[in-house]
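> The residues making up each chain are set out below.
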Amino acid sequence: MQYLGIQPKRPKIAVFDFTGCEGCELQLANKEETLVDFLAAVEVVAFREVMTDAGDDYEIALIEGAISRADEEALLRQIRDRAGVVVALGTCACYGGVNRLKNTFDLGEANREVYGDKPKETSEVRAVGDVVEVDLAIPGCPVNKAEVERIVQHVVLDVAFSFPAYPVCVECKQRFNICLVDRGQLCLGPIVQAGCDAPCPTGGRGCWGCRGPARDANVPEYLSALKEKGFGEDEVRERLGFFGAFEGAVG
Amino acid sequence: MSTVRVDIHKLTRVEGHGDIGVLVEDGKLKEASWEIVETPRYFEVMLKGKHYTSAAVLTSRICGICSIGHTLASLRATEHALGVEIPRVARKLRLLAKHGETLQSHYLHLFFLAVPDFLGAPSAIALIEADPELVGVAARLKRLGNTISEVAAGRMTHPVSLLVGGVAKMPERTRLAEIKAELEASLELVKKVIETFATLEIPEFARETEFVSLGGTEDYPWIGGRIVSTDGVDLAEADYLQATNEYCTDGNTSKWTKLSRESYAVGALARLNNNFDKLTERARQVARDLGLTPVNHNPFMNNIAQLVECVHVTEDAIRLVEELLDEPKGIETMAPVEASAGRGVGAAEVPRGILFHDYEYDESGRIVRANCIIPTTQNNANIHHDLGALVEEYVKRGANDEQMELLCSMLVRAYDPCISCSVH
Ligand code: SF4
Ligand code: SF4
Ligand code: SF4
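Residue numbers (my numbering), protein chains in the order written: chain A, 1 to 251; chain B, 1001 to 1424.
Accuracy of the hints is not assured; some may be wrong.
List time: in silico DMTMM-like cross-link candidates among lysine to aspartate or glutamate, alpha-carbon distance up to 20 Å [as the list claims (entries may be wrong)]:
| # | chain 1 | residue 1 | chain 2 | residue 2 |
| --- | --- | --- | --- | --- |
| 1 | B | Lys1010 | A | Asp234 |
| 2 | B | Lys1092 | B | Asp1401 |
| 3 | B | Lys1048 | A | Asp71 |
| 4 | B | Lys1092 | B | Asp1231 |
| 5 | B | Lys1048 | A | Glu238 |
| 6 | A | Lys12 | B | Glu1129 |
| 7 | B | Lys1048 | A | Asp197 |
| 8 | B | Lys1030 | B | Glu1402 |
| 9 | B | Lys1169 | A | Asp234 |
| 10 | B | Lys1030 | B | Glu1327 |
| 11 | B | Lys1010 | A | Glu73 |
| 12 | B | Lys1048 | A | Asp182 |
| 13 | B | Lys1169 | A | Asp216 |
| 14 | A | Lys173 | B | Glu1402 |
| 15 | B | Lys1048 | A | Asp106 |
| 16 | A | Lys229 | A | Asp197 |
| 17 | B | Lys1048 | A | Glu233 |
| 18 | B | Lys1010 | A | Asp56 |
| 19 | B | Lys1048 | A | Glu124 |
Some chain B residues well away from chain A (every beta-carbon gap over 10 Å; in silico) [unchecked claim]:
| # | residue |
| --- | --- |
| 20 | Glu1044 |
| 21 | Lys1050 |
| 22 | Val1057 |
| 23 | Lys1092 |
| 24 | Gly1154 |
| 25 | Ile1223 |
| 26 | Asp1231 |
| 27 | Asn1245 |
| 28 | Pro1336 |
Simulated from the structure, these hints should not be mistaken for lab results.
These numbers were taken from a predicted model, which means no experiment stands behind them.
Cβ coordinates follow ideal geometry from the N, Cα and C atoms, glycine included.
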C-alpha cells in the first residue's frame, strides 16, 4: 500500500481474545474484497483464531472481549507492557458488553445454577480500560469493519482519527429510513455514537446502543422524551443496561 | 517402547480456548484429554428477567460465528412459548439467512482453519502466497455467504432483521437477483474446491460413534424437526433433555453430554449420516466422489461433510431466492405477537450441530428460566474419547511427538469446535 507515493512501514499487529463471542475478530477476516490489501498494510504476528504461529514482537495489540478472570487480567497487563498501542476492539473490550449483565447478579448463586456442585473460577466483568491504559477504543457489537479499516489506515499513516460527533440517528436519516420510534419501537439512535451506519434501524429494529453514548448526547433529555411517548421505564432501563455502555451516562 | 507426549495449551485455529494433553509411556496410553479452559459466561442467568424482544438479541452474542443460528433457535423457542405462528415467507427468509451462515461458517472453517494443516501451512495467510487462486476462490465463496445473510437478515454477525413474529422486512428484489446470479456462478467455482479436496489425504481412523441430529423432516433439516440418532433414537424437539443428559466434569468449563453411549457426535457428519437421502442429487454425487457415504465413522470426514453441505445449501438457496422473487409485493413478513406465560423449546442445526434453546416466560413476557445446549458442548466428550482412540491407533503405527501433535490438533479442528459457545 502506498500513500502519496510513500511506502509506509507495516506495523506488526497482534490480535487477542478475552471474554466475548469472537464476532469482532471475525469482522477482521470478513470483507474479503479488501482483506488482501489490509494484510499488505500490516504484518499480523499473532491471531490465534486463524494462525498457528504466535510472535511476541508487536507494536499494535487489538484486544477483543471483556476481562472476567484473574488469568485474563495478568495476560492483559503483559500485553500492555509489550505493545506500543493498545486498541480495545468492540463493545466487550470498550465497555464490558453484554458480559457486564453478569455483574448484576450474585456469582456464587449463578455458579451453582449453571455448574451445580462444581463451581468455576470467575470474577466481576471489567472493560479493558478498567485494567490497563487504552490508546484507542473502537466500539460496536460487532465492530464495523469499514470503520476499523479507516482507523488502521490512520494509525499506519500516523494521522489522528476522530469519531463523528453526531449520533446514529443522523446516519439513519441519511439512509432515508422511516423512523421506528414513530411506529412505536424503542430506539436509542438519537443518543448513540455514530460510525456503524445504522444497520439496526435500517434492518427494521431499533438501535440497542451497542456503541455507547454519542459525545454530545443529552441522555436525560432523550429519556424524558421517551417517557412522554409512553415507553415503559423497565423497557428503557433494560435497553440502556444491555451492553453496559451507559453506566454513568444516565443522570 | 515409545513415549509420546503432546501438551497443547490453547489450541490455535479453533474458535475459543481449549487444551489437548496426551501421554503415552512404553507404548501404553496413560492419558488423552480435551479440556475446555475458556472463561465461563453465564448467559442462562443473564437471560432471567429479560423481555421476549431481548432474548434473541442477547443469545446472538453467545457466538459471533453462528449468531444467526442462535437467533433462530432463540426465536423459535420464544414463538413456541408465546404460541406464535410466523408467516410462510418469513420461514423462507430465515432459512435463506441460515444458509448464508452455513456457507460462510463452513468455508471459513475449511479454508482458514482446517486446510492449512493438510497443505502444511501455518495459516491461510501463508496460503495466499502458495496458492493465490485457491485463496481467491475461498474468499469469494465465503463472501457470498456473508452477502446472503446480510440481504436476508440485515447483518451477518448479530443479525438485525430477525424478530419474534417473523422477519422485519422483505429484501430488495435487485439484491435477491444479485445473490441468485452469484450463487449460480459459485456452483462452478466450488468445483475447484472439490478438486483440491479430492487430493487431500484424510487421516485413516474410525471409532464407532452415535451421530445425533435433527431429522424426520421432508427436507434436509435446518430449523426444527425431530431428534434422531444412528443408534435409533427418535424424540420430539421438546424432549431434548432426554437426548442430551448434560453433566459437569471437574476442570472443564464446558459440560458434557451422552445418549445411548458414553458420548455422541453432532455436526455436518452427523446430519449427513442421518439425512443422506435428503441431499440434492449433486451434493450426494460430490459425497460419493469424495468417499463419503453413510454411516461414516471417521471424524476427519466432517470436513468433507461440510463441503458436501455447501453444495446442497447453494442449490437450496437458489430455490429459495427464486421462490422469494415470485412473492407478491408488500407481502406480510411479520405475525402479531402478544406476551403470555408459557414454555417453549427451539432447535436448529447450526454449522457445528444441533442447538437447543428452552425458555419459560411469565405473563408479562419476561424470562423466568432459560437453558441453552450448544453443539460443541455435545461434541466435547466425543472429542475426548476420539483422542484416546486416535493416539492408541497411531502409537501402533509409530507416530512421533510431532506427528501426534499434528494429528490430535487436526482431529479437534475437524469438529470445528466453537468453544466460547460451549461455555456460554
Ligand atoms: S463486542 Fe459483540 S461482537 Fe464483539 S466480541 Fe463482544 S459480543 Fe462479540
Ligand atoms: S429509527 Fe432511531 S435512529 Fe432512525 S431516525 Fe428514528 S430514532 Fe433516529
Ligand atoms: S444501530 Fe445502534 S445497536 Fe445497531 S450497530 Fe449501530 S449503535 Fe449498535
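> Against this structure, judge whether each hint is valid.
Status of each hint after checking the structure:
Using a Cα cut-off of 20 Å, the hinted pair B/Lys1010 and A/Asp234 is violated, with the two alpha carbons roughly 41 Å apart. Proposed proximity of B/Lys1092 and B/Asp1401 is contradicted: the alpha carbons are some 50 Å apart, above 20 Å. Distance restraint check for B/Lys1048 and A/Asp71: the Cα-Cα separation of roughly 28 Å exceeds the 20 Å cut-off, and the hinted pair is therefore not satisfied. For the suggested pair B/Lys1092 and B/Asp1231, the alpha carbons sit about 32 Å apart, so the restraint of at most 20 Å is broken.
The suggested pairing of B/Lys1048 with A/Glu238 holds, with an alpha-carbon distance near 12 Å, which does not exceed 20 Å. Between A/Lys12 and B/Glu1129 the alpha-carbon distance is near 19 Å, which keeps this suggested pair within the 20 Å criterion. Only pairs whose Cα atoms come within 20 Å are accepted, and B/Lys1048 paired with A/Asp197 is rejected, the gap being roughly 31 Å. Between B/Lys1030 and B/Glu1402 the CA atoms are separated by roughly 18 Å; this keeps the pair inside 20 Å, and the hint holds.
Restraint check: the Cα-Cα separation between B/Lys1169 and A/Asp234 comes to about 27 Å, which exceeds 20 Å; the hinted pair is violated. Of the supplied pair hints, the one linking B/Lys1030 and B/Glu1327 is violated, its CA atoms being roughly 62 Å apart against a limit of 20 Å. Between B/Lys1010 and A/Glu73 the CA atoms are separated by roughly 17 Å; this keeps the pair inside 20 Å, and the hint holds. Distance hint between B/Lys1048 and A/Asp182 is unfulfilled; the C-alpha atoms sit about 29 Å from each other, more than 20 Å.
With a CA separation close to 32 Å, the supplied pair B/Lys1169 and A/Asp216 exceeds the 20 Å bound. For the hint pairing A/Lys173 with B/Glu1402, the CA-to-CA distance comes to about 58 Å; that exceeds 20 Å, so the pair is violated. Straight-line distance between C-alpha atoms of B/Lys1048 and A/Asp106 comes to about 13 Å, which keeps the hinted pair within the 20 Å bound. For the hint linking A/Lys229 to A/Asp197, the alpha-carbon distance of about 25 Å lies beyond 20 Å, and the restraint is violated.
Restraint check for B/Lys1048 and A/Glu233: satisfied, since their Cα atoms lie roughly 18 Å apart, inside the 20 Å limit. Note on B/Lys1010 and A/Asp56: the hinted pairing holds, with a Cα-Cα distance of about 16 Å set against a maximum of 20 Å. Of the supplied pair hints, the one linking B/Lys1048 and A/Glu124 holds, its CA atoms being roughly 18 Å apart against a limit of 20 Å. Chain A draws B/Glu1044 into its interface by the beta-carbon criterion, the shortest separation being 6 Å against a cut-off of 10 Å.
Against chain A, the non-interface label of B/Lys1050 is violated: not every CB pair exceeds 10 Å, the least being about 7 Å. In this structure B/Val1057 is not separated from chain A by more than 10 Å, as the shortest Cβ-Cβ distance comes to only about 6 Å. Distance to chain A confirms B/Lys1092 as a non-interface residue, since its nearest Cβ pair spans about 17 Å, more than 10 Å. Once the 10 Å rule is applied to beta carbons, B/Gly1154 is inconsistent with being away from chain A; the minimum gap is 3 Å.
At roughly 20 Å from the closest C-beta of chain A, the C-beta of B/Ile1223 stays outside 10 Å, upholding its exclusion from the interface. Separation of B/Asp1231 from chain A is adequate, the least Cβ-Cβ distance of about 27 Å exceeding the 10 Å criterion. For B/Asn1245, the requirement that its beta carbon stay farther than 10 Å from each beta carbon of chain A is met, with the minimum near 14 Å. Annotated as non-interface, B/Pro1336 keeps its C-beta farther than 10 Å from every C-beta of chain A; the closest such distance is 13 Å.
The structure fails to meet hints 1, 2, 3, 4, 7, 9, 10, 12, 13, 14, 16, 20, 21, 22, 24 from the earlier list, while all remaining hints are met.
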